[in-house]
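Given the sequences, and given the hints that come with them, work out the whole structure.
Just so you know, the protein sequences line up as chains A and B, in that order.
Going by my numbering, the first sequence wraps up at 150, each residue one higher than the last.
Going by my numbering, the second sequence wraps up at 496, each residue one higher than the last.
Please keep in mind that the hints were generated in silico from the structure rather than gathered at the bench.
Hints may be right or wrong, so weigh each one.
Claimed, not checked - Cβ-Cβ distance ranges computed for the label pairs, FRET-style:
1) Leu323/B to Glu115/A: 24 to 34 Å
2) Val111/B to Leu122/A: 41 to 51 Å
3) Ala487/B to Leu137/A: 26 to 36 Å
4) Arg148/A to Gly375/B: 50 to 60 Å
5) Pro472/B to Asp88/A: 16 to 26 Å
6) Ala340/B to Leu95/A: 43 to 53 Å
As the list claims (entries may be wrong) - A short, non-exhaustive set of chain A residues, derived as facing chain B with CB atoms under 10 Å:
7) Ser98
8) Met103
9) Tyr116
10) Ala119
11) Val131
12) Val132
13) Leu137
14) Leu140
15) Leu142
16) Ala143
What the hints assert, rightly or not - Derived, one-sided and incomplete: chain A residues facing chain B with beta-carbon distance under 8 Å:
17) Leu89
18) Pro92
19) Phe100
20) Ala102
21) His107
22) Gly108
23) Leu110
24) Phe141
Computed from a prediction, not measured in an experiment: that's the story for all the values here.
Note that the Cβ used here is the ideal one computed from N, Cα and C, for glycine as well.
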Amino acid sequence: MNFDLRLPLGLIFSLFGAMLVIHGALSDRAEYARALGLNVDLGWGAVVFAFGLAMLFLAFRARRKP
Amino acid sequence: MTIFSSGISLYALAKLLEVLLGWNFNFSIGVSAAVVLVYIFLGGLTSAIYNEVLQFFMIVFGFAPLAWLGLRDAGGWAALKTRLNAVAVAQHFAPGTWTQSWRHMGSPGANPMGVEWFGLAMGLGFVLSFGYWCTDFLVVQRAMAADSMSAARRTPLVAAFPKMLFPFLVILPGMVAIALIQEGRLALPANPDGSHNFNMVIPVMLGHYLPPGLLGLGFTALMASFMSGMAGNVTAFNTVWTYDIYQSYFAPGRSDAHYLGMGRLATVFGVLVSVAAAYLAARYNNIMNLLQLVFAFVNAPLFATFLLGMFWRRANGHGAFVGLVLGTGAAALHHGLTLPAGEPAGLKGGWLGGVLHTYPSEMAQNFWTAIFAWSVCLVGTLLVSLATAPNKSDPELAGLVYSLTPRPAPAPEPWYKRPVVLGVIVLSATLMLNLIFA
Numbered sequence: 085m086n087f088d089l090r091l092p093l094g095l096i097f098s099l100f101g102a103m104l105v106i107h108g109a110l111s112d113r114a115e116y117a118r119a120l121g122l123n124v125d126l127g128w129g130a131v132v133f134a135f136g137l138a139m140l141f142l143a144f145r146a147r148r149k150p
Numbered sequence: 059m060t061i062f063s064s065g066i067s068l069y070a071l072a073k074l075l076e077v078l079l080g081w082n083f084n085f086s087i088g089v090s091a092a093v094v095l096v097y098i099f100l101g102g103l104t105s106a107i108y109n110e111v112l113q114f115f116m117i118v119f120g121f122a123p124l125a126w127l128g129l130r131d132a133g134g135w136a137a138l139k140t141r142l143n144a145v146a147v148a149q150h151f152a153p154g155t156w157t158q159s160w161r162h163m164g165s166p167g168a169n170p171m172g173v174e175w176f177g178l179a180m181g182l183g184f185v186l187s188f189g190y191w192c193t194d195f196l197v198v199q200r201a202m203a204a205d206s207m208s209a210a211r212r213t214p215l216v217a218a219f220p221k222m223l224f225p226f227l228v229i230l231p232g233m234v235a236i237a238l239i240q241e242g243r244l245a246l247p248a249n250p251d252g253s254h255n256f257n258m259v260i261p262v263m264l265g266h267y268l269p270p271g272l273l274g275l276g277f278t279a280l281m282a283s284f285m286s287g288m289a290g291n292v293t294a295f296n297t298v299w300t301y302d303i304y305q306s307y308f309a310p311g312r313s314d315a316h317y318l319g320m321g322r323l324a325t326v327f328g329v330l331v332s333v334a335a336a337y338l339a340a341r342y343n344n345i346m347n348l349l350q351l352v353f354a355f356v357n358a359p360l361f362a363t364f365l366l367g368m369f370w371r372r373a374n375g376h377g378a379f380v381g382l383v384l385g386t387g388a389a390a391l392h393h394g395l396t397l398p399a400g401e402p403a404g405l406k407g408g409w410l411g412g413v414l415h416t417y418p419s420e421m422a423q424n425f426w427t428a429i430f431a432w433s434v435c436l437v438g439t440l441l442v443s444l445a446t447a448p449n450k451s452d453p454e455l456a457g458l459v460y461s462l463t464p465r466p467a468p469a470p471e472p473w474y475k476r477p478v479v480l481g482v483i484v485l486s487a488t489l490m491l492n493l494i495f496a
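Dropping the structure here:
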């Protein structure tokens, strides 16, 4: 395959994850009342960010050794 | 048929924009259709497939926190069961009817879906499911795009794994919603006639649980799923029309540029008809019912044709054509003569004047429409094929009929890539899930 789908996947999810983490870290606690008081933006954002980085890592590794 | 599915996705997308952004419904339809049209035009099938992968992950990441928060709020699975038992009892069913799948299938009256085990296993399990996975061009086209025979055979098997997990993402939030509505903690938007609009369960649940950041991700996921549904179906439609119908029957031997232009025209036409289908979907308060109805009319008889065409060399063109017409006719006849309980005659059945049978639910009616359509098409194709002369010799059928097609020797592959191994794993996992949630 001449096009590695992991690259756009990695880019978009590391970006989304980073946005969620930053929003989660800066936002008011009161926003999370409906999410049972849990800062899910921060927690889940970290998961999404990690997935994005993993995809980027795989894409770049595949690129280095053809 | 693919156009119907596409129209239903379009309706859902426009409805979401209407509710979320306060846009006018007609305007939302126009904008949604235009966006999808542009991206199919620019990218074609490859971009539609790549986008589907992206949208798949988007849906998983957008919905997973909703399922998790919902379950946590309900107090875990055991507590959710207790609450749903209370709902079931309040609706005069046995306590476990909302949480157990097979135990209350003895008669249609014993469960909220209004279906008995035969209608479910034969209608949904056999006719509609096989019809969808084997004849729906959206699904089949994905396997055709594979780069080898083995990869093509693996396509539906690999797809089956996430498919098994999807109930946890979409059905679990629905179950939590049932409990919340019963306890008066969640309200669904009402239709003009006062009934609940069940199409809005997931958006309302997203708004109920997710904080601003994740809410954005959740709604992006919803839009992604509707757009991928629509784009996939429109690309399937333009391929079938251009390659299999136009190129084969109307204008063979033209230049590639000519067919590309035709494909583009078909795309525009497909999007326009989707818009019409979206307005039809707006008249249903549960689009899943509409989707299954369309499948019962189109995929169910088609599946009987595929089955005989692939495995019975004596099946011929006359049989297939008459069978399909009869099967679709039987679906129409059945739909026109029966009615789901509590519905007026018209859009949802009974439009042939008399009502011979009343089903407890629309789903039950759909399953039986599918069973009738499939059976009539099967018998019709069999009888007409036997009564007319075969129109193709055996060598002509090689590559079309299973018993006459040479099977390539399987390439040596690691065990996790072998279709048989994957198939066995999928079947055992499905069986286990059915036993756990029996």
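Checked hints:
1. Range check, Leu323/B to Glu115/A: Cβ separation about 49 Å, and the 24 to 34 Å hint is violated.
2. Hint check: Val111/B to Leu122/A, Cβ distance near 30 Å, so the stated range 41 to 51 Å is violated.
3. Range check, Ala487/B to Leu137/A: Cβ separation about 30 Å, and the 26 to 36 Å hint holds.
4. At about 55 Å, the beta-carbon gap between Arg148/A and Gly375/B stays in the expected band of 50 to 60 Å.
5. For the pair Pro472/B and Asp88/A, the supplied restraint of 16 to 26 Å holds, since their beta-carbon distance comes to about 22 Å.
6. The supplied range of 43 to 53 Å is broken by Ala340/B and Leu95/A, whose beta-carbon atoms lie about 37 Å from each other.
7. The criterion of a C-beta within 10 Å of any C-beta in chain B is not met by Ser98/A, whose closest approach is roughly 12 Å, and the hint is violated.
8. At about 7 Å, the closest approach between the beta carbon of Met103/A and any beta carbon in chain B falls short of 10 Å, and the interface hint on this residue holds.
9. Taking 10 Å as the C-beta cut-off, the interface hint given for Tyr116/A holds, the closest approach to chain B being about 5 Å.
10. Using the Cβ-Cβ criterion of 10 Å, the hint placing Ala119/A at the interface with chain B is satisfied: the shortest such distance is roughly 5 Å.
11. Among the interface hints, the one on Val131/A holds; its C-beta lies about 8 Å from the nearest C-beta in chain B, closer than the 10 Å criterion.
12. The beta carbon of Val132/A is positioned within 10 Å of a beta carbon in chain B (closest approach about 5 Å), and the interface hint is therefore held.
13. The closest approach between the C-beta of Leu137/A and any C-beta of chain B is roughly 14 Å, which is over the 10 Å cut-off, so the hint fails.
14. With its C-beta approaching chain B no nearer than about 14 Å, Leu140/A sits outside the 10 Å limit, and its interface hint is violated.
15. Interface hint status for Leu142/A: violated, as the beta-carbon distance to the closest one in chain B is roughly 14 Å, over 10 Å.
16. Contact between Ala143/A and chain B, as hinted, is not supported at the beta carbon level, the nearest pair being about 13 Å apart and thus beyond 10 Å.
17. With a least beta-carbon distance of about 6 Å to chain B, the hint placing Leu89/A at the interface is held under the 8 Å criterion.
18. A cut of 8 Å between beta carbons decides the hint on Pro92/A: the least distance to chain B is about 7 Å, and the hint holds.
19. Below 8 Å, beta-carbon pairs count as interface contacts, and Phe100/A has one with chain B at about 6 Å; its hint therefore holds.
20. Checking Ala102/A against chain B: minimum C-beta separation of about 11 Å lies over 8 Å; hint violated.
21. Checking His107/A against chain B by beta carbon gives a least distance of about 4 Å; that is within 8 Å, so the hint holds.
22. Taking 8 Å as the C-beta cut-off, the interface hint given for Gly108/A holds, the closest approach to chain B being about 6 Å.
23. Taken as an interface hint, Leu110/A does not check out: its beta carbon lies about 10 Å from the nearest beta carbon of chain B, beyond 8 Å.
24. For Phe141/A, the shortest C-beta to C-beta distance to chain B is roughly 16 Å, which exceeds 8 Å, and the interface hint is violated.
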